[in-house]
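Enquirer: Throw the hints in and build the complete structure from the sequences for me.
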Amino acid sequence: MARPRRPEDLAAQLTEAIAPRAKSLIITVYGDAVLPHGGSLWLGSLIELMGLFGMSERIVRTSVFRLGKDDWLTNTQIGRRSFYRVTDSGKERFAAAERRIYAPLAREWDRGWDLLMVPPNALDAETRDALRRELTWQGFGAASATVYAHPNCDEAAMHRSLAELGVADKIVHMKASLDRAEGFGALRDLVRGCWDIDQLEHDYAAFLDHFRPVWAAIDAAEAPDPAACFVLRTLMIHDFRRILLRDPMLPPDLLPADWPGQESRMLTRNLYRRLAGPSESFLMQAATTANGPLPDAQPAFHGRFGGLETIPVG
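Residue numbers are given in this note's numbering: position 187 of the sequence shown equals residue 187, and the series is strictly consecutive.
The hints are simulated quantities; they were obtained by calculation from the structure and are not laboratory data.
Predicted, not measured: the structure shown is a model, and the values here were computed from it.
Just so you know, not all the hints are guaranteed correct.
[Said to hold, decoys possible] Now the in silico label distances, taken between C-beta atoms and shown as ranges:
(1) Glu57 - Ala186: 17 to 25 Å
(2) Asp179 - Arg58: 55 to 63 Å
(3) Asp258 - Gly68: 38 to 46 Å
(4) Asp253 - Pro293: 27 to 35 Å
[Stated by the list, open to error] In the BS3-like style, the derived pairs of lysine-lysine whose C-alpha atoms are separated by at most 25 Å in a straight line are:
(5) Lys91 - Lys69
(6) Lys23 - Lys69
(7) Lys23 - Lys91
Just so you know, even glycine gets a beta-carbon here, dropped at the ideal spot from N, CA and C.
Expert: Here's what the structure looks like:
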């Protein structure tokens with residue numbers, strides 16, 4: 001039987017295999033690691049952290065500049081040092097994503113649906129495309145050109161997006177409930193027309209192929225390298241987030257047998273619990289804020305995935 005690969009080797013291989021874009025990966029680093037510690041980071045620290053993923057200083061500087069333009073980050077200059085903090089708008093977007101990414105495993109469905117009705121000719125083509133992209137990332141499916149559906153949407157995030165796009169007064173939000181008299185057959189067909197279930201299934205299967213070896217490697221390592229643990233934790237959340245934020249989290253009755261989504265969430269939860277301690281230890285030593293070292297993680301961090309185990313960071 002082959003011995004599990006070292007976490008350090010897997011970190012390098014997965015960085016190459018997943019090939020994250022710098023701007024998107026910085027969002028993951030801030031949302032997963034920096035925001036629980038106050039949300040601010042010295043640019044020099046960020047450059048060093050991103051260097052672990054093969055990102056150059058130039059691409060990091062370009063990316064944070066663009067994230068500032070997109071109202072994710074804001075820059076504060078103290079002497080010759082730049083410190084980037086999450087904006088209020090960024091915090092709202094991170095909070096919406098966090099409610100989905102780090103949710104407990106159990107998820108109940110009351111057979112209710114959220115429907116967004118777009119009156120014909122109410123939006124210009126550019127706004128209509130922007131609305132479609134935003135709703136897709138929130139897990140909505142297009143039942144038609146003018147109707148979007150979700151079995152259990154994040155209403156706060158949905159209303160914020162409509163307001164930011166300037167269409168809140170043009171979209172009708174309705175609630176509906178499932179009539180089970182005719183069973184699930186027609187609804188399953190509708191679901192396949194609204195969401196690319198096959199692509200989601202493929203992406204979750206690829207995620208499991210990527211990160212099952214990480215579990216074996218971490219389980220076999222007596223003292224895994226903290227920097228490698230930070231890289232693996234970041235890549236895992238980045239890859240999981242990329243899939244999850246397109247997933248409407250449909251109930252099991254509407255999904256294929258052996259759906260890999262729940263297994264992916266379980267692996268993510270279990271691995272996160274193992275990686276959190278050493279990766280937090282590395283982060284606390286490697287990162288600097290305008291006030292010195294990172295502050296301790298906020299209590300909500302320890303509640304991720306229904307509760308993390310005790311995390312030594314000393």
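Enquirer: Of all the hints given earlier, name the ones this structure violates by number, lowest first.
Expert: Of the numbered hints, 1, 4 do not hold.
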